[in-house]
Each structure stands twice: as structure tokens, then as C-alpha cells.
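Protein chains: 2
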Amino acid sequence: MTTGKNQIGFRQSAKGAATYHTINPKTNANNPTKFYEATQAEIDSACAKAATAFYPYSKTTGAQRAKFLRAIASEIEEIGEPLIQMYTTESALPEGRANGERGRTLGQLRMFADLVENDKWRHPTKTGEKNGLRKALIPIGPVAVFGASNFPLAFSTAGGDTASALASGCPVIVKSHPMHSGTGEMIATAITKAAQSCNIPDGVFSNLNSSGIEVGEQLVQHPAIKAVGFTGSHKGGRALYNLAAKRDSPIPVFAEMGSINPIIITQKAIQERGDELAEIYAGSITMGAGQFCTNPGLILTVQNEKTAPFIQNLADKTAALDAQCMLGPNIAKTYTKTAQKMQSQGGLTIVAATKGVVGDNVAQAQVASVSGKHFLENKALHQEVFGPFSLVVQAKDQQELLKIVHDLEGQLTATIIAQDDELNELQEITVALQEKVGRIIFNGVPTGVAVEDAMTHGGPYPASTDSRFTAVGNHSILRWVRPFSFQDFPEALLPEYLK
Amino acid sequence: MTTGKNQIGFRQSAKGAATYHTINPKTNANNPTKFYEATQAEIDSACAKAATAFYPYSKTTGAQRAKFLRAIASEIEEIGEPLIQMYTTESALPEGRANGERGRTLGQLRMFADLVENDKWRHPTKTGEKNGLRKALIPIGPVAVFGASNFPLAFSTAGGDTASALASGCPVIVKSHPMHSGTGEMIATAITKAAQSCNIPDGVFSNLNSSGIEVGEQLVQHPAIKAVGFTGSHKGGRALYNLAAKRDSPIPVFAEMGSINPIIITQKAIQERGDELAEIYAGSITMGAGQFCTNPGLILTVQNEKTAPFIQNLADKTAALDAQCMLGPNIAKTYTKTAQKMQSQGGLTIVAATKGVVGDNVAQAQVASVSGKHFLENKALHQEVFGPFSLVVQAKDQQELLKIVHDLEGQLTATIIAQDDELNELQEITVALQEKVGRIIFNGVPTGVAVEDAMTHGGPYPASTDSRFTAVGNHSILRWVRPFSFQDFPEALLPEYLK
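Protein sequences appear in the order of chains A and B. Residues 1 to 499 in the working numbering are what the first sequence lists, from first letter to last. Residues 1 to 499 in the working numbering are what the second sequence lists, from first letter to last.
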């Protein structure tokens with residue numbers, strides 16, 4: 001069902017000599033399809049088509065774009081089981097997760113369809129006498145989208161970035177993720193079919209294959225590209241941000257780059273429901289083999305006699321869960337390497353780790369412990385270990401815990417676990433955390449990012465490159481639009497949404 | 001009435017050895033006050049104070065901040081005539097302009113006070129069952145503001161950037177403009193008095209003097225600074241943008257960097273009201289000695305037998321107006337130099353220029369003409385000449401005119417001058433212009449930027465560094481805020497505006 005070709009507007013293309021395969025992480029074997037790396041000419045062609053398509057696409061009505069987005073969702077549903085099979089084969093994620101993520105992806109496409117079906121999302125504003133000034137949000141131009149390794153559907157080819165950009169009236173060029181280019185091609189084909197059936201201009205969507213970083217780098221530097229959406233590592237996101245900032249004409253980059261998502265657990269919560277919390281957090285740490293940007297990588301608590309038994313309980317429960325295969329050999333290797341680097345830091349103890357781990361790319365879940373003093377003194381302990389790893393920091397007192405919070409880098413989320421009668425004492429920590437994160441959770445887990453208007457998925461650097469936007473929910477469309485004003489314009493020349 | 005000292009929170013400071021004076025542009029003589037360049041220690045102190053003040057200031061109620069903003073306006077009014085005298089002495093701008101700009105400044109401060117008096121501006125959003133998710137906009141952190149040479153009040157110390165940032169809950173450190181540091185100090189003193197009388201934390205506002213670029217560079221690179229507002233040259237804005245992007249933790253820079261503001265005039269408009277248009281545009285070109293970022297620097301028309309007489313008429317009317325003194329010797333020198341560089345470009349003719357120009361820093365207004373072909377072939381002709389200079393481009397036909405529009409860089413504004421019975425033929429040029437600018441005007445002049453909600457003052461690069469925001473009007477507050485979500489939070493821990 002896949003050809004390995006690049007999708008350049010309505011045309012498939014495979015002009016390059018370089019090819020690659022995706023890998024089945026469970027067997028380390030290549031999957032059958034040979035993917036053709038996009039050439040410079042193919043990148044240029046996709047960009048030129050997107051630039052040409054921008055004008056007619058930006059002028060489509062909201063109803064036309066809503067129809068297009070719903071058609072994409074239907075075409076994806078239409079693929080059926082083969083998509084789920086491709087997804088699980090390329091990612092090693094289980095079928096239940098594949099189905100859930102497909103549902104989320106379809107939901108997002110239809111949510112943005114609902115949003116743009118009328119023009120309220122443009123915030124049309126009128127001030128001044130007579131004709132005076134009229135303002136509305138308009139699309140910024142062609143957007144480059146980088147798929148995420150850990151969400152082959154919901155944060156990739158037809159994920160939130162693509163759905164929100166297409167909804168706003170921006171063409172999209174996706175740089176397909178090399179770990180799931182087969183899933184990507186299936187989705188790209190669905191988008192193309194939907195575009196053709198809805199009379200959407202050729203070039204509004206393209207999908208480029210690449211196993212390396214060069215295609216993405218070319219894309220971000222191309223004059224036709226006006227904004228970038230990225231979900232992935234700090235290294236990758238920062239590299240794209242730097243390239244975009246160095247352009248003759250710099251463009252905005254929204255990169256969501258992960259986080260260690262601190263969890264603050266009070267002594268009282270440990271005392272009154274330590275066992276329940278250990279169970280819940282063992283599940284959150286290992287969910288999806290820990291491969292979530294909101295994975296709880298850091299647990300902070302003030303030490304007393306109950307702390308050590310709680311950590312042991314959490315670690316044992318985590319280690320006892322079934323070990324899972326990671327998304328691919330590179331991710332598994334990086335996990336092992338960064339976890340080992342953590343282990344080598346002074347003062348750190350591995351409290352428990354999964355025993356008897358067998359199989360290719362299967363991750364050993366680990367819970368480690370360190371003192372507040374060590375954590376404050378060593379920035380290496382603040383780094384993200386992408387996978388089922390969590391570090392518990394035992395502060396000597398509340399003051400040291402606050403100092404640790406003030407010392408953290410920007411994060412996507414923070415969580416406070418406390419008893420209801422402790423609320424008065426939590427004011428200070430709540431506001432301290434607010435300066436560091438985009439979302440704060442009470443008595444829950446950070447994993448799970450609801451697609452809702454009141455969601456913020458983003459946060460101060462390095463959680464994202466621009467904390468002024470969310471990557472999830474209707475408001476994520478604001479990343480791809482700009483205000484535009486008409487002054488004293490005759491009705492006949494105004495767009496419908498400003499009449 | 002001025003001391004020349006830096007304002008570091010509530011304290012005045014003059015620790016540096018380096019000093020400078022502002023200049024009276026009409027006489028080229030130094031004004032009496034000796035201004036002390038801010039030292040590295042003073043910059044650090046202002047930043048540390050701002051960082052400390054951020055937490056308590058971000059938690060003030062909207063009513064408290066509204067009171068503060070209104071108190072600033074009252075304190076500025078309180079200064080009275082000496083402010084107008086200082087303004088005119090430092091800028092050579094006339095008293096009428098000084099009064100008008102003061103009115104605009106007071107109006108902006110009171111507009112933002114009205115905006116934040118209740119919390120609707122935070123867009124509080126609630127989704128999900130029970131407590132679920134609640135989201136609102138919160139301030140981003142301390143903001144560095146760079147005053148503009150050409151608006152000593154409305155785009156400087158207590159101008160739109162400062163007013164919107166203070167309204168949102170962000171502390172502000174102003175890098176005072178070296179051409180009007182006396183005006184800056186008077187305003188800084190008014191802000192400080194207002195802060196003290198309103199119990200606003202020490203460090204919410206500081207004002208640093210500097211005649212060079214180093215203080216600004218240090219400020220933009222300081223870890224405590226979380227965003228930057230700038231109005232000025234492309235060179236200056238881009239330099240700050242580059243520094244901010246290279247930080248370990250990059251920050252957003254909103255730089256408004258000027259524009260040549262293309263005016264499209266139809267043949268029919270020239271035929272039917274050429275004389276009237278020549279009069280209006282002579283006024284717009286020379287308004288404020290051409291020192292507006294929305295000055296009409298480029299006039300585009302399709303050549304016919306009426307074109308040459310119209311250009312001659314426009315040039316003669318422009319040259320006949322009283323020559324005006326520019327903002328300072330450096331600006332006057334740069335104007336002469338960039339206008340001369342224009343004159344040396346092949347195919348360009350100076351149609352008329354002010355005769356018998358005398359006096360220090362007095363600008364010779366000039367209207368030049370060039371063919372569409374020359375303009376398309378030579379990017380040097382696309383550059384801004386900051387001052388009373390306008391270039392008329394005669395395209396050979398409508399197609400060449402459209403090509404020119406597609407070839408333009410990003411602009412703040414564009415203007416279409418046409419007859420009412422031509423509307424049907426203007427659709428294509430309107431949408432072509434839309435891709436290039438932030439605001440489009442019909443049958444008016446681009447000079448004059450109304451402080452209204454429906455105003456967009458910004459545009460695609462290089463008009464600004466981020467076209468997704470406006471620098472004027474209530475919505476300019478969006479530059480300094482970020483969304484923040486509370487998940488499943490008890491009422492007692494929520495801020496008032498989310499209860």
C-alpha cells in the first residue's frame with residue numbers, strides 16, 4: 001500500500017538516489033518499503049507549489065476548508081486496519097494506542113473544521129467611524145511541519161500542527177518522520193485524495209521523505225516557508241530555531257521540545273495514600289514506555305521517615321510492570337545512554353529497575369533517587385531522560401524544595417500532589433511553579449494532554465521556543481495567523497468576514 | 001529639572017564615568033544636562049530588581065495596575081509646560097506635535113488601564129467536566145523597551161510598549177533614547193512617583209541611559225529579561241533580534257523597523273483629482289519632516305500622458321513647503337547620505353527638491369522618479385530613506401505594476417488611491433498587497449496610526465520581526481503574555497480571575 005515516494009502537491013515523486021527503510025523496533029528488521037529521500041529539486045518544487053497555492057487557498061471560505069478537513073478525517077478512517085498495522089509495525093506501540101491516537105487525530109481535524117466553519121476565529125474587529133478600521137486574522141503563509149517520533153498520527157502528518165495550519169488557510173509541507181514514513185505516506189495519500197475531491201489547489205499539501213536532517217534544514221531556510229511547527233528533541237528544535245532566526249527574513253518557529261515535568265508530593269500525601277500514589281505514578285512513568293513529552297521525569301518531596309519506603313514502593317511497582325519495546329533502535333540506544341549518564345552522577349542511586357529485560361529495543365524502567373543538595377549542585381541531573389525513567393529528589397526541607405523549583409528550567413507541566421487540608425500551605429509553591437511551566441495539575445498525572453480550548457501545551461524555554469502559544473487545542477491556530485487591517489475600505493473590496 | 005541619572009527602581013544612580021548630552025537639533029548645541037551612561041552593575045541591578053518585582057507585580061489585581069497606569073498619566077500631565085519645552089528642545093519637533101503626542105501617550109495609558117480593570121483581556125477559558133481545565137493569559141516576565149527617536153513620548157519611555165507591558169503585569173526596563181534622554185528622565189520620574197504612590201513594587205520600572213548600543217545589547221542578553229519591544233531602524237532591530245535568538249534561552253523580540261509604505265495611484269485618480277492628490281501627498285511626505293515609519297516613501301502608478309505632469313506637480317508642491325529641522329544631526333546626516341545614494345542609482349531623476357535650504361539639520365524634501373523596469377532591476381531603490389523623500393515609480397502597464405508589488409519586501413502599510421467606479425479592477429492588487437503588509441488604506445494617507453482595537457501596526461519582515469502582533473492598540477498586550485492552564489485545581493488555589 002506504500003510506494004516510498006514523496007508527495008509533491010498532487011504528484012508523487014521519487015527522483016533521488018538515496019533511500020531508506022523504516023524499522024520494526026520489535027525485530028530490528030527493515031520494513032519492506034524503500035523510501036526515496038527528497039532531493040533539493042523536490043524540496044524546491046514543493047515550496048514553489050505551496051507559495052503558488054497560498055493565494056487561492058488563503059481565499060477559500062471557512063466552509064470549504066472545513067469540508068477539506070472533514071474529508072481528510074474520512075479518508076483516514078477509510079484506510080482502516082492497514083493504517084493500524086503500519087502504525088504498530090513502525091512504532092512498536094500497541095494496537096489500543098494506535099486506535100486511540102487515530103481517534104484523537106480525527107477528532108482534531110473535525111474540531112478545527114468546526115472552528116473555521118464560521119469566521120469568528122478570525123476575531124473580526126471594527127472600530128472608528130463610518131468605514132473606519134476593520135481587522136481580522138489572516139494566514140501567515142506556507143508552514144513546514146515536522147512529525148514527532150512518539151505520535152505517528154496525532155503530532156505528525158495530519159496531526160495538530162497540520163490540522164491547525166490547514167484550517168487557518170496556510171499550505172503545509174510535512175517533513176515525514178523517518179521512523180514512521182509508511183504511516184506518514186498513508187496519511188499523506190489520504191490528505192491528497194481529500195484535497196482533490198474538495199477542489200483544494202495543488203500544492204496546499206506536500207509530504208517529503210528524509211532519514212537525515214538536511215531536508216528539514218533546507219525546508220526551514222526556504223524563502224517560501226513562513227512558519228515552522230516542530231515536536232521533538234531539544235537538539236532538533238533548537239537547531240531549526242537557529243536556522244530560522246538566521247534567515248534573511250526570519251520566521252517564527254514553534255518547537256515543542258519536551259520536559260521533565262516536575263511532580264511535587266507532600267509528606268502528608270505520602271503518609272495518607274503513598275501506596276495508591278506509587279501505583280498511579282508507576283503507571284504514568286512507564287505509560288507508552290515513558291515516551292511522552294509530559295512523562296513525570298522528576299519527583300520532588302521533602303524527606304522524612306516515610307520517604308524512603310515510598311520511593312522503594314514506587315520503584316518496585318515501576319520495575320514490576322511489563323517492560324515495553326521503544327519506538328526504534330536509536331531511541332532505545334539514546335535512552336540507555338542518557339540513563340547511564342544519569343547513573344554516573346554523584347549521589348544518585350537506582351532504587352529499582354526492571355529485571356530480566358529481553359528483546360530488541362525493550363526499555364528497562366528505572367526509578368532513581370538523589371538528595372536535594374546534589375540536585376541543586378549538578379545541572380546534569382536536570383536533563384530529560386526520554387523513556388521510562390524518573391528521578392526522585394529528596395529535599396531536606398520545604399525551603400530547599402522551593403529553591404529547587406526556582407532553579408528548574410522551563411517545563412511543559414508541573415503537578416502538585418497534596419491533601420485537601422494542605423491548600424493554605426501550597427500557595428507559594430503554586431506561584432513558584434507557575435513561572436516555570438505552561439500547565440499545572442492538582443492531584444493527577446501530567447501524562448494525557450486533553451484536546452480542549454483551555455489546554456496549554458507549551459511553556460517557557462526549553463519546553464518550547466515560544467511560550468506565547470499552545471500546540472494543542474483550537475487556540476493553536478494562533479501560531480499561523482497575523483492581524484490585518486483595512487482602513488476606509490469600500491465594502492466591495494472587503495473579504496466576506498469583514499463586511 | 002533633570003539630573004542625568006539612571007532610574008533603578010525607586011533609586012537614582014550615576015555610578016559610571018561615561019557621560020553624554022542630548023543635542024538641540026536647531027542649533028547643534030549640547031543641552032545642559034550631563035547624562036550618565038548605565039554601567040554593567042547598574043544594568044544588573046535594574047534586571048535583578050525587575051526579576052524580584054515580577055512575582056508580586058504579576059499578582060496585583062487589574063484594578064491596582066489600572067490605578068498605577070492612570071497615576072502615570074496624571075504625573076505626566078502634572079509636569080506641564082517643562083515637558084513640552086524639553087521635548088521640543090531635544091527633538092526640534094513643533095509644540096503642536098509635542099502636545100498632540102503627549103495626548104496620545106496619556107490616552108494610551110488610560111486605554112490600557114480601562115482594558116485591565118477587569119480580567120476579560122486574559123481570555124479566561126474553562127473546559128472539561130467538574131474543575132477540569134481553566135486557562136488564562138499571564139505576564140511573560142520583565143520586558144526591555146527601546147524608545148524610538150521619532151516619538152519621544154508615544155513610542156518611548158511611557159509609550160505603547162511600556163504601557164501595554166505594565167498593564168499585563170510585566171516589569172519594564174527602558175533603554176532611554178540618547179536623542180531625548182531629558183524627556184525620558186522626566187517621564188521616568190513621573191512613572192516612579194506613580195509607582196511609589198500606588199504601592200507598586202520597587203523594580204517594576206527602571207530607566208537606563210546610554211548613548212551607544214552596549215547597554216541595549218547587555219539588556220537583551222540578560223537572563224532576567226523575557227521579551228523585548230523596539231521601534232527604530234532595521235539595523236538596530238535586527239541586531240537585537242539576533243542577540244535574543246542566540247541566548248541560551250531565546251526570548252521574543254517585537255521590533256517595528258519601518259517601511260516604505262507603497263501608494264498605488266490609478267491613472268483615473270490622477271486624471272480626475274491629480275492636483276488634490278498632489279497637495280495631500282506633499283503634506284504626507286513632509287509631515288514631521290518625513291520622520292514617520294508610515295511615511296509614503298514609494299508611489300506606484302502606470303504611466304500615461306498625465307503621469308509626468310502629476311509627478312511634477314507633486315514634486316513642486318512638496319518642494320514648496322517649509323523645510324523642517326530633523327530630529328538630530330545623525331538623522332539629518334543619514335538622510336542626506338541615503339538620499340544621495342538613491343540619486344546615484346541608474347535611471348533615477350530628482351523631479352524637484354526644496355530650494356534654499358538653510359539651518360542646521362534642516363531637511364531638503366525630495367520627490368524622485370524612476371521607471372518600473374529600473375525599480376524591478378535594482379533592490380537599492382527599494383530601501384527606505386528616512387525623511388521627506390518619496391520615489392514615484394512609473395510602471396509601463398498594470399502587469400508590471402503587479403510584478404513590482406509581488407517583488408516588494410514586507411511593509412507596515414499600503415495605500416490604494418482610486419475612483420469609486422474602479423473597484424472591480426482593484427481586487428487583484430488588493431490581495432497582492434495583502435501578502436506584503438499589515439494594513440491597507442483606501443483613498444487616504446498612511447501617516448497617522450489610530451490607537452484603536454482594529455489597528456494593525458506591524459507587518460511581514462522587515463516591517464517587523466513578528467507579523468503575528470500589532471504594536472498599537474489594546475491587542476498589543478498580546479506580545480507580553482502567555483497562556484497558562486490549571487488542571488483539576490481547587491478553587492482556593494486559583495487566581496481570582498479563574499474562580
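Keep in mind that a hint or two might mislead.
Treat identical chains as interchangeable: a pair holds within one or across any two.
20 Å max Cα-Cα, derived SDA-like pairs, lysine to any residue [as the list claims (entries may be wrong)]: (1) K235 - A245; (2) K120 - L478; (3) K59 - H406; (4) K126 - K355; (5) K337 - D114; (6) K59 - N424; (7) K126 - N443; (8) K235 - K246; (9) K355 - G96; (10) K379 - P223; (11) K26 - T334; (12) K235 - R247; (13) K246 - A269; (14) K268 - A492; (15) K355 - Q434; (16) K59 - L423; (17) K403 - Y55; (18) K246 - T19; (19) K126 - V451; (20) K373 - E409; (21) K499 - Q434; (22) K246 - H234; (23) K379 - R247.
The set of hints was computed from the structure by calculation and includes no laboratory data.
- prompt: Which holds for K379 with P223 at a C-alpha limit of 20 Å: within a copy, between copies, both or neither?
  reply: between (38 Å within a copy, 17 Å between copies)
- request: Tell me, please, which holds for K120 and L478 at an alpha-carbon limit of 20 Å: within, between, both or neither?
  value: For K120 and L478, the Cα distance is within 20 Å both inside one copy (13 Å) and across copies (18 Å).
- request: Check K373 against E409 for me: Cα-Cα at most 20 Å, and say if that holds within a copy, between copies, both or neither.
  value: Result: close within a single copy only, 17 Å intra versus 54 Å inter.
query: Under a CA distance limit of 20 Å, which applies to K235 and R247: within one copy, between copies, both, or neither?
result: both (19 Å within a copy, 15 Å between copies)
query: Checking K59 and N424: alpha-carbon separation at most 20 Å within a copy, between copies, both or neither?
result: between (53 Å within a copy, 17 Å between copies)
- request: Indicate which option fits the pair K499, Q434 if close means a Cα-Cα distance not exceeding 20 Å: within, between, both or neither.
  value: between (41 Å within a copy, 17 Å between copies)
query: From the Cα coordinates, with 20 Å as the cut-off, is the pair K126 and K355 best called within, between, both, or neither?
result: Classified as neither: same-chain Cα gap 65 Å, cross-chain 44 Å, threshold 20 Å.
field: Alpha-carbon proximity between K355 and G96, which holds within one copy, between copies, both or neither at 20 Å
entry: neither (25 Å within a copy, 82 Å between copies)
task: With 20 Å as the alpha-carbon cut-off, assign the pair K268 and A492 to within, between, both or neither.
output: between (67 Å within a copy, 19 Å between copies)
- prompt: From the Cα coordinates, with 20 Å as the cut-off, is the pair K126 and N443 best called within, between, both, or neither?
  reply: Between copies only: 18 Å across, 44 Å inside.
task: Could you place K246 and H234 in one of the four classes (within, between, both, neither) given a Cα distance threshold of 20 Å?
output: both (18 Å within a copy, 15 Å between copies)
field: Homo-oligomer pair classification [A245, K235; C-alpha up to 20 Å]
entry: both (15 Å within a copy, 15 Å between copies)
Violation of the numbered hints given earlier is confined to hints 4, 5, 9, 13, 15 and 18; the remaining hints are satisfied by the structure.
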